[in-house]
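Number of protein chains: 2
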Amino acid sequence: MMKGKKAVVLLSGGLDSATVGAVARQQGYQLYCLSFDYGQRHHCELEAAGKVARSLSAVHHLILRLDLNRIGGSSLTDRNLEVPRNRVESPEQEIPITYVPARNAIFITHAVAWAETLEARDIFLGVNAVDYSGYPDCRPAFIQAMERAVNLGTKLGVGGEDRYFRLHAPLIELSKHEIIQLGTRLGVDYGLTHSCYDPDARGRPCGQCDSCCLRLQGFAAAGLEDPLAY
Amino acid sequence: MMKGKKAVVLLSGGLDSATVGAVARQQGYQLYCLSFDYGQRHHCELEAAGKVARSLSAVHHLILRLDLNRIGGSSLTDRNLEVPRNRVESPEQEIPITYVPARNAIFITHAVAWAETLEARDIFLGVNAVDYSGYPDCRPAFIQAMERAVNLGTKLGVGGEDRYFRLHAPLIELSKHEIIQLGTRLGVDYGLTHSCYDPDARGRPCGQCDSCCLRLQGFAAAGLEDPLAY
Numbered sequence: 066m067m068k069g070k071k072a073v074v075l076l077s078g079g080l081d082s083a084t085v086g087a088v089a090r091q092q093g094y095q096l097y098c099l100s101f102d103y104g105q106r107h108h109c110e111l112e113a114a115g116k117v118a119r120s121l122s123a124v125h126h127l128i129l130r131l132d133l134n135r136i137g138g139s140s141l142t143d144r145n146l147e148v149p150r151n152r153v154e155s156p157e158q159e160i161p162i163t164y165v166p167a168r169n170a171i172f173i174t175h176a177v178a179w180a181e182t183l184e185a186r187d188i189f190l191g192v193n194a195v196d197y198s199g200y201p202d203c204r205p206a207f208i209q210a211m212e213r214a215v216n217l218g219t220k221l222g223v224g225g226e227d228r229y230f231r232l233h234a235p236l237i238e239l240s241k242h243e244i245i246q247l248g249t250r251l252g253v254d255y256g257l258t259h260s261c262y263d264p265d266a267r268g269r270p271c272g273q274c275d276s277c278c279l280r281l282q283g284f285a286a287a288g289l290e291d292p293l294a295y
Numbered sequence: 066m067m068k069g070k071k072a073v074v075l076l077s078g079g080l081d082s083a084t085v086g087a088v089a090r091q092q093g094y095q096l097y098c099l100s101f102d103y104g105q106r107h108h109c110e111l112e113a114a115g116k117v118a119r120s121l122s123a124v125h126h127l128i129l130r131l132d133l134n135r136i137g138g139s140s141l142t143d144r145n146l147e148v149p150r151n152r153v154e155s156p157e158q159e160i161p162i163t164y165v166p167a168r169n170a171i172f173i174t175h176a177v178a179w180a181e182t183l184e185a186r187d188i189f190l191g192v193n194a195v196d197y198s199g200y201p202d203c204r205p206a207f208i209q210a211m212e213r214a215v216n217l218g219t220k221l222g223v224g225g226e227d228r229y230f231r232l233h234a235p236l237i238e239l240s241k242h243e244i245i246q247l248g249t250r251l252g253v254d255y256g257l258t259h260s261c262y263d264p265d266a267r268g269r270p271c272g273q274c275d276s277c278c279l280r281l282q283g284f285a286a287a288g289l290e291d292p293l294a295y
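Protein chains in written order, with my numbering: chain X, 66 to 295; chain D, 66 to 295.
Some hints here could point you the wrong way.
As the list claims (entries may be wrong) - Distance windows between CB atoms, simulated:
#: 1; chain 1: X; residue 1: Asp254; chain 2: D; residue 2: Arg135; range: 37 to 43 angstroms
#: 2; chain 1: D; residue 1: Asn134; chain 2: X; residue 2: Gly288; range: 45 to 51 angstroms
#: 3; chain 1: X; residue 1: Arg228; chain 2: D; residue 2: Gly224; range: 26 to 32 angstroms
#: 4; chain 1: D; residue 1: Ile128; chain 2: X; residue 2: Gly256; range: 28 to 34 angstroms
#: 5; chain 1: D; residue 1: Ala294; chain 2: X; residue 2: Val124; range: 19 to 25 angstroms
#: 6; chain 1: X; residue 1: Ala206; chain 2: D; residue 2: Arg250; range: 37 to 43 angstroms
#: 7; chain 1: X; residue 1: Ala266; chain 2: D; residue 2: Ala294; range: 52 to 58 angstroms
#: 8; chain 1: D; residue 1: Gly224; chain 2: X; residue 2: Gly288; range: 35 to 41 angstroms
#: 9; chain 1: D; residue 1: Arg135; chain 2: X; residue 2: Gly93; range: 26 to 32 angstroms
#: 10; chain 1: D; residue 1: Ala266; chain 2: X; residue 2: Asp102; range: 16 to 22 angstroms
#: 11; chain 1: X; residue 1: Asp265; chain 2: D; residue 2: Gln92; range: 49 to 55 angstroms
#: 12; chain 1: D; residue 1: Val195; chain 2: X; residue 2: Arg228; range: 22 to 28 angstroms
#: 13; chain 1: X; residue 1: Arg267; chain 2: D; residue 2: Asn134; range: 30 to 36 angstroms
The set of hints was computed from the structure by calculation and includes no laboratory data. Bear in mind that the values here come from a model prediction, so they are computed numbers and not experimental data. Idealized CB from N, CA, C, for every residue including glycine.
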């Protein structure tokens, strides 16, 4: 039996990236999972990413350090800023303080660097534009523009055919409950994932931050129960 | 007197980035210099970057760690690969083994993240397309595509007017001797800079790698003497 092509999967440990990993595996790819230790407040995320990578039978799980906490500007990397709880969404969908400057751009460029070394051309991203709190780096126009840029600025991108590197964002137009239904069909164990921005010392999710609220609403709308204990 | 606007300057410690820093300073910017500790073979580069930042009266010099050596794929980050010496350039300008996958893309996305935190909009890059050994991430089309992408994927880029972030690459079409002549007019002390890919233990340049050869040819063509001892 022929082995599948290699894909780099950005794995945060959250619900979306676990689902996108399962999509890539179902498409027959060998998974090279990439996570970042970027000074996020809690390590539950990285532990969850490790469990998800194992559950997806990833060939390799690489965790790279990034100094984003020294850049600051986000409540996820700067301990002096508060994570908002039970936020009432403003109609114009203001970008929240949990936004990390240029985070997905930084993640994508690292994924491309690793893909180039592996001679992989497919990069899977769990970004989601619909109900992801208005982050600009989760929108289709940004992903398309990054794909174009990385193909112009890499050895394989320039040397190969047009669009050597492909950024796949299969969840980008799905709502949270559609993502959960898709992952459930593909056998994702959401009990391994971590979504909370502000867990307690034992890693238990708060149930009140934007990310917990979206997740809980998603499970409710999907008619499924979240396996996590809140 | 009004203080100048802030600019983020990518400073490698080399000749090009020292020159671009001097260009930004001459245009009245307050300089926020950014360098990376990315597992390059030698630390002379970062020492040189510090000296250049001081000579430019930078407001701040931030050095961020990157795990590029764990990605590999380049003789600059992987000690198992050899740095080529006295290379005869092939007519099709093959991309050399000193190419680091997606390096400028990674550097630019970090610079944008810092600029967003500083509320700076101008980012100065020392990239040079003419005689820079054929790296794809030094070409104008790549820089333009990255500018477009980062403006689509950031809070200030999306929220502000069109093209909030500007990637300035004023050396991109200059030859090495034109860069040296420009920097000399602006008072750059090239004795502080470091270009060699493969210096000896005391940090002295080899005079034989691609980077040393380009530098020496540039000084010769400019009719100037390189202040470094080879």
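Right, here's what the structure says about each hint:
In this structure the supplied range 37 to 43 angstroms is violated for Asp254 (chain X) paired with Arg135 (chain D), their Cβ-Cβ distance being about 28 angstroms. Asn134 (chain D) and Gly288 (chain X) have their C-beta atoms about 48 angstroms apart, which keeps the hinted 45 to 51 angstroms range intact. Taken as a hint, the range 26 to 32 angstroms holds for the pair Arg228 (chain X) and Gly224 (chain D), whose Cβ atoms sit roughly 30 angstroms apart. The beta-carbon spacing between Ile128 (chain D) and Gly256 (chain X), approximately 41 angstroms, falls outside the hinted interval of 28 to 34 angstroms.
A beta carbon spacing of about 48 angstroms between Ala294 (chain D) and Val124 (chain X) contradicts the range 19 to 25 angstroms that was offered as a hint. Restraint check, Ala206 (chain X) to Arg250 (chain D): a C-beta distance of roughly 41 angstroms satisfies the suggested window 37 to 43 angstroms. Hint check: Ala266 (chain X) to Ala294 (chain D), Cβ distance near 57 angstroms, so the stated range 52 to 58 angstroms holds. Distance hint check: the CB atoms of Gly224 (chain D) and Gly288 (chain X) are about 37 angstroms apart, consistent with the given range 35 to 41 angstroms.
At about 27 angstroms, the beta-carbon gap between Arg135 (chain D) and Gly93 (chain X) stays in the expected band of 26 to 32 angstroms. Roughly 32 angstroms separates the CB atoms of Ala266 (chain D) and Asp102 (chain X), a value that falls outside the hinted 16 to 22 angstroms. Separation of Asp265 (chain X) from Gln92 (chain D) is about 50 angstroms and conforms to the stated range, judged on CB atoms against 49 to 55 angstroms. The hint said 22 to 28 angstroms for the Cβ distance between Val195 (chain D) and Arg228 (chain X), and at roughly 27 angstroms that hint holds.
A C-beta distance of roughly 35 angstroms is found between Arg267 (chain X) and Asn134 (chain D), which places it inside the suggested range of 30 to 36 angstroms.
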